[in-house]
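Protein chains: 2
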Amino acid sequence: PRRRRLTVNDYVEGVLSRNRTIIAQTITLVESNNPVHMETGQQVLKQLLPYTGNSIRVGITGVPGAGKSTLIEALGTMLCEQGKRVAVLAVDPSSTITKGSILGDKTRMETLSRHPNAFIRPSASGGTLGGVNRKSRETMLICEAAGFDVILVETVGVGQSEVTVRSMVDFFLLVMLTGGGDELQGIKKGVMELVDAIFVNKADGKNKQIALGAKAEFNRILHFLQPITEGWTPKAYTCSALTGEGIAEMWQVIQAFTGKTQRSGVFDTRRRKQTIDWMYTMVEDYLRTSFFNHPEVSSIIPVIEKAVGNGEVSATMAAKQLLKIFEDQ
Amino acid sequence: PRRRRLTVNDYVEGVLSRNRTIIAQTITLVESNNPVHMETGQQVLKQLLPYTGNSIRVGITGVPGAGKSTLIEALGTMLCEQGKRVAVLAVDPSSTITKGSILGDKTRMETLSRHPNAFIRPSASGGTLGGVNRKSRETMLICEAAGFDVILVETVGVGQSEVTVRSMVDFFLLVMLTGGGDELQGIKKGVMELVDAIFVNKADGKNKQIALGAKAEFNRILHFLQPITEGWTPKAYTCSALTGEGIAEMWQVIQAFTGKTQRSGVFDTRRRKQTIDWMYTMVEDYLRTSFFNHPEVSSIIPVIEKAVGNGEVSATMAAKQLLKIFEDQ
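These protein sequence lines map, in sequence, to chains A and B. In this text, residue positions in the first sequence follow the working numbering: the first is 1, and each later residue adds one. In this text, residue positions in the second sequence follow the working numbering: the first is 1, and each later residue adds one.
Pulled out of the complex, with its shape left as it was, chain A reads as follows:
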């Protein structure tokens, strides 16, 4: 018999009763670029909203090869064994281009993916209003409504992805490697200013001493940066996904952070601000897209850019001309 199409209620009840198949289908629904699916997705989300917000949202970034996946697997497995329910999501803006997910690959987290308390969701690709950003945020909300206690959001330093993830999590963690000499090689400008903690990974065997040196160096740099979270001083730590050393400490740091910021009110204030900022981001993206997709605007842009770049037309004149074309639609 042909499978009955799920109603808004089916989705909502499925998520709330923690039905893994329906959780996955609901995520697929909000990820869809089909306007009908999007509409249904929003109706589902509306009903789930009262059940969201009860997880700890942790963002994890670091250069490729830093060992983010093995670290997430180690942390996630430890938490699952403590009885916590853990969801792993990925924000990967590059997947729109590569036509596939390079993150959140289940096969890279074999132990964790088999644990009944874990839920791993590879990254979505782009699309309409809000794109990857919207989909990751709404997936996070669905996971919260499904009772996950900890959401781990993995990202790789592509484009603005660290800023995006920072804007949707409570705690943001940078995974670093001890490099050959220059420990900071590969860190993108400004990323260290976004983090609540740095973990130097692969601090095991003969790498341990070098890792401790890198940790000290990072602490010196962090000292000069303005902390991103009011009332919390970011510090550097060492860990090893291989030996498991430092993984329990990582969770202790996150708990100390949430305890402190929840008591001070910083935690809730940030969450409210994140949601409101996100609404305006979507509005501005939409306005910008409408402008650049306007047929006459987009066809004249190469001409205008050339004239402005050559100094034949002033930037103000050019802006006025473009806006006039846009508004005479």
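One or more hints might be untrue.
A pair holds if it fits inside one copy or across any two, identical chains being indistinguishable in the list.
Said to hold, decoys possible - Here are the computed lysine-lysine pairs in the BS3-like style, where the Cα-Cα straight-line distance is at most 27 Å:
| id | residue 1 | residue 2 |
| --- | --- | --- |
| 1 | K324 | K46 |
| 2 | K260 | K306 |
| 3 | K306 | K324 |
Bear in mind the hints are in silico, worked out from the structure with no lab data behind them. Please read all numbers here as calculations on a predicted model, not as lab measurements.
Fit chain B to the supplied structure of chain A, relying on the hints for placement.
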């Protein structure tokens, strides 16, 4: 007899013939928020554009009290005595609020302001399309058409002003003080990543040793940051506006920078990009302002923000609702 109103040609010829009174009047014209003046201003600017672009544009920032004005006076006077023509502008977003200019005050640069080769213009206040930002850029263009060889743009670290100034100059310089212990106190997040050089000011008398220490510290930090200008490594230096030590070196650094970046093409590429980016900034500002000034949008925003912040409405739903209101105008 009543003074005849200047025509577009009067302004253009006055600027090109370096008539100081008309230069000042032309700046007042482009600074005006009156639509008729703005229109005339743009016509004048259009004719001046072919004569612009021949100066070196230097941005200077630093916390209040770092001695920016005395340093500008020292550098500007030295350049004027070498026969160069120097214009000093100020970008001060706070002047909109304080209803007055806190920067570029002629009385603070007495020697320089009396020099025939110098031209000092206090900062403009806000207004329509582009505001302070537009006015400063267009004032810079007028000064270039009037044959000034060096434009010094002073700013204080208010809001986004460093980013604004960085986006309109070739070389960006941070003036620092040696503080009591923590040399970095007061530096805003991310500012050190925008600069091409740091000058530790007041390196005189018993302060000299401390200044040398601060310089070494800044060099260590700069080493970890990604340089803002391709092919140029920012470094820290010491100087004293009081004794004049380091002022000649400051100019040598700027000349080494322009020589190197002009040969590599980075100089011209950045200027073109700055102008095009600036055009799009005006377009986006306009779109954003149209949205937020839309009467029904602005009246519903407090309600929507509250509902989104409380988790009663999803950010996506709220964004859609706001955009619907905006587009049904």
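Using 27 Å as the alpha-carbon threshold, which applies to K260 and K306: within, between, both, or neither? between (53 Å within a copy, 25 Å between copies)
Check K306 against K324 for me: Cα-Cα at most 27 Å, and say if that holds within a copy, between copies, both or neither. within (19 Å within a copy, 35 Å between copies)
If the cutoff is 27 Å on CA atoms, where do K324 and K46 land: within, between, both or neither? Let me know, please. Between copies, since 18 Å is at most 27 Å while 38 Å is not.
Of the numbered hints given earlier, the model fails none.
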